[in-house]
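**Student:** Since the structure of chain H is already known, use the hints to place chain L on it.
Number of protein chains: 2
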Amino acid sequence: MTQPEFRRDPLHNAWVVFAPERQRRPQDFAAAVLQSGTLDPFAEGNERLTPPEVYALRSEKSKPNEPGWRVRVVPNRYPAMRIEGQLEASPSGLYDRLTGIGAHEVIIETPDGALALEELSVPAIAEVFFSYQSRMIDLDKDSRFQQIYVFKNVGPSAGASLVHAHSQLVALPLVPPFVEGKLNRAREHYVTKQRSLFSDILHTEKAEATRLVAENDSYHLFCPFASRFPFELAIFPKRHQPDYSMCTSVELHDLAEVVQFALKRLNAVLEKPGYNLLLHTAPLRRPQTERFASTRYDYSWHVEIVPRFNSFAGFEIGLGTYINTVIPEDAARFLRGEVQT
Amino acid sequence: MTQPEFRRDPLHNAWVVFAPERQRRPQDFAAAVLQSGTLDPFAEGNERLTPPEVYALRSEKSKPNEPGWRVRVVPNRYPAMRIEGQLEASPSGLYDRLTGIGAHEVIIETPDGALALEELSVPAIAEVFFSYQSRMIDLDKDSRFQQIYVFKNVGPSAGASLVHAHSQLVALPLVPPFVEGKLNRAREHYVTKQRSLFSDILHTEKAEATRLVAENDSYHLFCPFASRFPFELAIFPKRHQPDYSMCTSVELHDLAEVVQFALKRLNAVLEKPGYNLLLHTAPLRRPQTERFASTRYDYSWHVEIVPRFNSFAGFEIGLGTYINTVIPEDAARFLRGEVQT
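Residue numbers (this note's numbering), protein chains in the order written: chain H, 1 to 341; chain L, 1 to 341.
So that you can see chain H by itself, here it is in the shape it has in the complex (with noise of 0.2 Å):
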């Protein structure tokens, strides 16, 4: 098999991408390394050591894959899926099989490769949350695709491989079973209460306020009820709505502002921990029935933050279930300077 290839078994319900093409990525079966010192594919000035550029915010007398950009977006070397081909699904006995199609950018958030996320400016991060946008609306366009996810990566306990500041996004051909659990479960609160789950989550976090840790215009920021990470983050937005591609520039400026707060308060309580940063959001297209439309109207996206400092071992993996211990309440206290670390 050279081409990529999804595969689903029926006892797990979890699809895997196969991507042989990945495995020649140097810290494949071994410790991952980040690669300081050596060359910065992702520098300003070092352009011709990625794929051409899909997207970039850059000043107007600038040329594509030239220096003179504030972000920029670029296929990711080392894709887990291909953007080129046919999408075809076939059974295989007991099992499925979907072509490896997808696509796997890089949004590099910086042309400066010693400063990391929230050592930007307000105004800079926003930009690189706006890029996301641009991206989802362009790759909503190809139809093959059903599901936009963004994550950043940041040190090696978070899965990380370069130091520069970089998130990724891809679009996939399926909506993940994980994925279609949580939708199913907010559509079926909305159904039973006729209220979203998202809006019942918040009015009980301020009711109880022990996990809040902050706010702003947009966004209320605190640590989750069942957290699966020590000192967990969630961001939920004020305003309820299911696509990210839908927020005004204020949106995306109060989020830049909220996840600068967070990461700082981070850095500042864990000594600058690894971290993944998840963006949900709602997918893309859905069958035009009563689900698809009660599906937009339940579901809110938004974005975890979770420190990463313990592998998964054998607990986490073949029960599902996680061992946390930092309650979010005393992580809470923490994070919002009440207790002196």
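Rather than coming from a laboratory, the hints here were simulated on the basis of the structure. Every residue gets a Cβ at the ideal spot worked out from N, C-alpha and C, and that includes glycine. Some clues are possibly wrong.
Here are the computed distance ranges between Cβ atoms for each label pair [what the hints assert, rightly or not]:
hint	chain 1	residue 1	chain 2	residue 2	range
1	L	E271	H	N184	27 to 35 Å
2	L	N184	H	K206	33 to 41 Å
3	L	S249	H	K206	56 to 64 Å
4	L	S249	H	E84	55 to 63 Å
5	L	A116	H	N216	50 to 58 Å
Dumping the calculated DSBU-like pairs for lysine-lysine here, alpha-carbon to alpha-carbon at most 30 Å [unchecked claim]:
hint	chain 1	residue 1	chain 2	residue 2
6	L	K182	L	K206
7	H	K182	L	K182
8	H	K193	L	K182
9	H	K238	H	K182
10	L	K182	L	K238
11	L	K193	H	K182
12	H	K264	H	K206
13	H	K193	H	K238
14	L	K206	L	K141
**Tutor:** Relative to chain H, chain L alone:
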């Protein structure tokens, strides 16, 4: 909170064990460092360094908590859950709480800290697997428990914090939704087809043969069709039964043989990778409904062995989808010895 507690939120539907006591473990909030060179608490002669043993296979003239044992089971010094106390489930508005009752035991597989499990003789490995059974049968008497699970973490990449060969057993007061998902899919398959999903998977694997690695009188060893991890292995028993504790001594001997073979082949092909070994068995007790009776026929205990190279990153955590760089047909050819590394 000083008592451990299970929590669930309605969006993720995953139970999280909050275990503040484990925070005293040295590797928390830092990269896991294997304790070699320091005093080995699991070595023969150091029995005083562990909590008193709950079970041991030892020479007739030896006494508990003294040398003379071959396999020794002790409570985990840093338990995720506590064995003492009343099981109390309580609603908390949108959220769920359950007291963190549970057993968390360590099975010390050999008195000799220099030996890996696969370096023991087949009868000695069978004694380790017999000890799992003995502990399951004992803990089954405690009506607070719903699910027993055994796992083994080897190497820092797999979450191990001690070098000395050991496995862990947990008895939980709930069936995790991830496990319930597997049970439900197996049951649906049985109800629809009147055949076990596990038997059907074995039938397919034997027919296609490309992912088979080995077999003996009691087991098939194969690389699953949708392997989540490179070189992942599954061991399915030929005699279909839900409960691992119902295995005969011949079946335990044969399991020791196939596990030893699998680990030796992984060591040869991948140079002693970190790995998790996961032992899945049916829930302990279910309401006496038709559902229960059916679940007991349609489910089969099984073992998974998953080598661990990369951290879970933002892609896996947010989507529940895995990227695997090695197709199982290739992994099986390496493990069968048809291709040299």
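**Student:** For every hint, state whether the structure bears it out.
**Tutor:** How the hints compare with the structure:
1. E271(L) <-> N184(H): 27 to 35 Å: 43 Å, violated
2. N184(L) <-> K206(H): 33 to 41 Å: 35 Å, holds
3. S249(L) <-> K206(H): 56 to 64 Å: 59 Å, holds
4. S249(L) <-> E84(H): 55 to 63 Å: 56 Å, holds
5. A116(L) <-> N216(H): 50 to 58 Å: The hinted range 50 to 58 Å holds for A116(L) and N216(H), with Cβ atoms some 53 Å apart.
6. K182(L) <-> K206(L): 22 Å, holds
7. K182(H) <-> K182(L): Answer holds: K182(H) to K182(L) is near 18 Å, not above 30 Å.
8. K193(H) <-> K182(L): Distance ~29 Å between K193(H) and K182(L) Cα, so the pair holds.
9. K238(H) <-> K182(H): 19 Å, holds
10. K182(L) <-> K238(L): OK: K182(L) and K238(L) at ~19 Å, within 30 Å.
11. K193(L) <-> K182(H): 29 Å, holds
12. K264(H) <-> K206(H): Since the Cα atoms of K264(H) and K206(H) sit roughly 23 Å apart, the hinted pair holds (cutoff 30 Å).
13. K193(H) <-> K238(H): 19 Å, holds
14. K206(L) <-> K141(L): Between K206(L) and K141(L) the Cα gap is close to 38 Å, so the pair fails against 30 Å, i.e. violated.
Hints 1, 14 from the list above are not met by this structure, while the remaining hints are.
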